[in-house]
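Put the two chains together into one complex; each comes in its own frame, and the hints tell you how they fit.
Now for the letters of each chain:
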Amino acid sequence: MPQIILNGKETEFAEGETLRSFLRSRKPGVKNLIVEWNGKILTEKDPLETFTLKDGDTLNLFSMVGGG
Amino acid sequence: MNVNLYLTDSQRAVLEKAKIGVAGLGGLGSNVLSHLVRAGIRRFVAADFDVVSASNLNRQFFFADQIGMKKTEALAANLRRINPDLELDFRDLRLTGENTRDLFAGCDAVAEAFDKAEAKTMLIGALAQTDIPVVAASGLAGFGRSNDIRLHKVNPRLYIAGDLASGISPELTPSSPRVGIASAMEANTVIALLLGEEV
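Chains as they are written, first to last, in the numbering used here: chain A, 1 to 68; chain B, 1 to 199.
The shape of chain B in the complex, shown without the other chains (with noise of 0.2 Å):
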């Protein structure tokens, strides 16, 4: 199904035959996943070992009556339910160092979606050295300063969206719209990649 009706005929081409890797299935994940989708792209790879939550619902794309499901199937029936036609290989496991590369080969990008700054850090090393673009989200957490979220470039296969430093503490907590706003930049970024428009 062609679920974005503005594309231009060489633009759908693109998106459609694209395939993306997505590193999570929370905050970033989901709502990236939701952009991407709702952009017209079909094909996805994505792992997560965690269930859905009532802590998740102040900003992933998941409802009250998913509590308890896993994120990889909850996350791929909302995601059919804005298109359908999704080939969507989703995993139900543990992304490390030694699996990441080979799950994600043949990606034409990959989301760095994790909440954890170590497993970013393990993601960003295990395809540094790989021609495999990639996304990630650094700094989103609490309210208000907006303009502080930058879409950093950090070579030409390396984008970190976020303002680097508002890590998760007691007082800096997750919120809907940071974390919108740097899952907006990510896919916003994927996004521009594939077409070849400036980022």
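Excised from the complex, chain A in its bound form (with noise of 0.2 Å):
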């Protein structure tokens, strides 16, 4: 299996699995992350479908929650 760097751990996806369909399994119902794929910054918004993952990306996932 290829392996990606998520937060700094060696992580399994399959292949040809996208940003947005990774997200979904692994971060179920998680709104309002930051996401840093390869040194780019993401969002929700962005359209996370058309990135592939390749093996030994690095994928960074900050969350944003409410208060200021």
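Among the hints, a few may not be true.
[Claimed, not checked] Cβ-Cβ distance ranges computed for the label pairs, FRET-style:
hint	chain 1	residue 1	chain 2	residue 2	range
1	B	Arg145	A	Glu12	30 to 38 Å
2	B	Glu87	A	Met1	50 to 58 Å
3	A	Glu17	B	Asn4	48 to 56 Å
4	B	Arg38	A	Thr50	39 to 47 Å
5	A	Lys40	B	Glu198	45 to 53 Å
6	B	Leu195	A	Arg24	37 to 45 Å
7	A	Ala14	B	Glu198	34 to 42 Å
8	B	Ala54	A	Thr18	41 to 49 Å
9	A	Glu15	B	Asn58	48 to 56 Å
10	B	Ser146	A	Arg24	31 to 39 Å
11	B	Arg145	A	Lys45	37 to 45 Å
12	A	Lys40	B	Gly68	39 to 47 Å
Treat the hints as calculated values from the structure; they're not laboratory data. For each residue, glycine too, the CB sits at the ideal point set by N, CA and C.
As structure tokens, this is what we get:
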């Protein structure tokens, strides 16, 4: 199985999986994520279904919660 | 007026010409601005559509006799009591995915200082494709757990201060100390980025 580095940990993913489907299965129902994918900053408003994960990608997820 | 007598000449030169954006003038934004003005920064662009209310006084840089005033007006007055010589472009409006990039064009950094998680994400998304560094905050409700509030470097142009988990809820309310820690971290990061110091 190919692997990405998710928040510093090696994590397997299915060949051909997109960023959108990966987040849906690993972070179901989590809203307001900031996604850092190979240095690029993305949010759920970006076309995550068009980005296909590759072996060795780095992915870091940051949860934005309310309060200020 | 030079309010920070401790700066070197080169630090003063950098901070005096900097222009900083602040998105939201509540608990985070009002305190971020207080720190930045005291540091010697003079030029700001900021937006907030709210008025000062009694529930703000537990953590925001406003005073009891300002309840009912526009936050843009009340905060401008308070900051000018620290330094009368400020260039403040404070807009009484709601920031959206459409107007955010235009408002903050030309800023050297933007501090995200909203209350709502959706607005925080919107701002980061809106500025993600620009060269403007963004310093945001997430996870600061409640009391205690000071050491859980950290600065997370997402990439060289995005930093998030907070514990990334403690959202506002009936059990976890906003407080001056924890909002203060996060806003001081945001301000400290903005200053470090401007001066080329380690964040």
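Against the structure, the hints:
With their beta carbons about 33 Å apart, B/Arg145 and A/Glu12 fall inside the hinted range of 30 to 38 Å. Hint check: B/Glu87 to A/Met1, Cβ distance near 56 Å, so the stated range 50 to 58 Å holds. Checked against the hint of 48 to 56 Å, the pair A/Glu17 and B/Asn4 passes, with Cβ atoms roughly 52 Å apart. A hinted range of 39 to 47 Å holds for the C-beta pair B/Arg38 and A/Thr50, which are about 46 Å apart.
As the Cβ distance of A/Lys40 to B/Glu198 is approximately 24 Å, the hint placing it in 45 to 53 Å is violated. For B/Leu195 and A/Arg24, the Cβ-Cβ distance of about 42 Å falls inside the hinted range of 37 to 45 Å, so the restraint holds. A C-beta distance of roughly 40 Å is found between A/Ala14 and B/Glu198, which places it inside the suggested range of 34 to 42 Å. For the pair B/Ala54 and A/Thr18, the beta carbons lie near 48 Å from each other, so the given range of 41 to 49 Å is met.
Checked against the given bound of 48 to 56 Å, the beta carbons of A/Glu15 and B/Asn58, roughly 52 Å apart, stay inside it. Against the hinted window of 31 to 39 Å, the Cβ-Cβ separation of B/Ser146 and A/Arg24 comes to about 35 Å, which satisfies the hint. Restraint check, B/Arg145 to A/Lys45: a C-beta distance of roughly 31 Å breaks the suggested window 37 to 45 Å. Separation of A/Lys40 from B/Gly68 is about 44 Å and conforms to the stated range, judged on CB atoms against 39 to 47 Å.
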